[in-house]
Amino acid sequence: MSESSLHTYGAATASRVSPDFTAKVFAGFGLDRYVVATSALGEVYLAWNATGVSAIRRMDDDGAFEAWYRERFGRGCVPAIEDDPTSSAARAALRGQQVAAPIDLRECSPFEQRVLQKAAEIGRGNARPYGWVAREIGTPEATRAVGNALGRNPVPLLIPCHRVIRTDCTVGGYVFGGEAKRTLLEGEGIDFGAIEMLTRRGIRYIGCDDGTFCLPTCGDVVTRVGAPGYRALHSVDEAHAHGLVPCGLCRPIAA
DNA sequence: TGGGTGACGACGC
DNA sequence: AGCGTCGCCACCC
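Residue numbering for the first sequence follows the numbering used here, starting at 2 and increasing by one per position.
Source of the hints: derived by calculation from the structure; they are not laboratory data. Glycine included, every Cβ here is placed at the ideal spot set by N, Cα and C. Careful, some of the hints might be misleading.
Pairwise CB distance ranges, derived in the manner of DEER restraints [what the hints assert, rightly or not]: (1) Gly64 to Gly203: 46 to 54 angstroms; (2) Gly124 to Gly75: 15 to 23 angstroms; (3) Gly124 to Phe177: 16 to 24 angstroms; (4) Glu197 to Gly124: 19 to 27 angstroms.
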């Protein structure tokens, strides 16, 4: 979207009614609108409506975005005149702040919603396998379907689907490409160099000095291997042999 | 309705 | 170590 289209639209409207009134009318009719926002991946389109944030996309021009939006949701999306609490919260979240923005997942199936909700629980600096999400939401066999659901995440970055990776700690797919996914995760503090060094040796878990064992992508445990109390583990049996119990945060195995 | 598809995972070379 | 194969499940015609 260009600056001029935003201004032109705003000026034409402002001459008749106040932006605030217009925003309320738009929300009242459930009309969807969008702005350009700054994220860890640069500028993105941020779309929302009265329910919440409906879409985040990286695109080259607003014509493509609006066409994509109509194709995906079956309704239009117009440039916003100004921000409102929803878009402001989303902007803050995209900047990395711990701010909750309402999200519109009405177009998603119940299964997709459960997948996305679980992905939303994965904190910055952490990653979890696709199979972990499947197990956590009660359908342990549906790992492949989890990938499909994440691939349809309407609000990437806001719901951090980039934090779901393969069991072997390779990044797997991403709407914006695997390279972007890896960049994002490294920017959040995940040390893929250290992880790859261990997974190449067949390491699946990390034993910690608090008596628990973790996934290698549980916070920064991987960087502590070799420190007192931290050890590289090949299997759950090996963890048990050391008297370790599953970490309550990353929950490396089924309860 | 049923067969095709895919951001997975385990296994076998 | 990398690459097929095959099973899995939710979704889409």
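The hints, checked one at a time:
1. Gly64 to Gly203: 46 to 54 angstroms: holds (50 angstroms)
2. Gly124 to Gly75: 15 to 23 angstroms: Given a distance of about 34 angstroms, which is not inside 15 to 23 angstroms, the answer is violated.
3. Gly124 to Phe177: 16 to 24 angstroms: holds (21 angstroms)
4. Glu197 to Gly124: 19 to 27 angstroms: Distance hint for Glu197, Gly124 holds at roughly 22 angstroms.
Hint 2 from the earlier list is the only one contradicted by this structure; the remaining hints agree with it.
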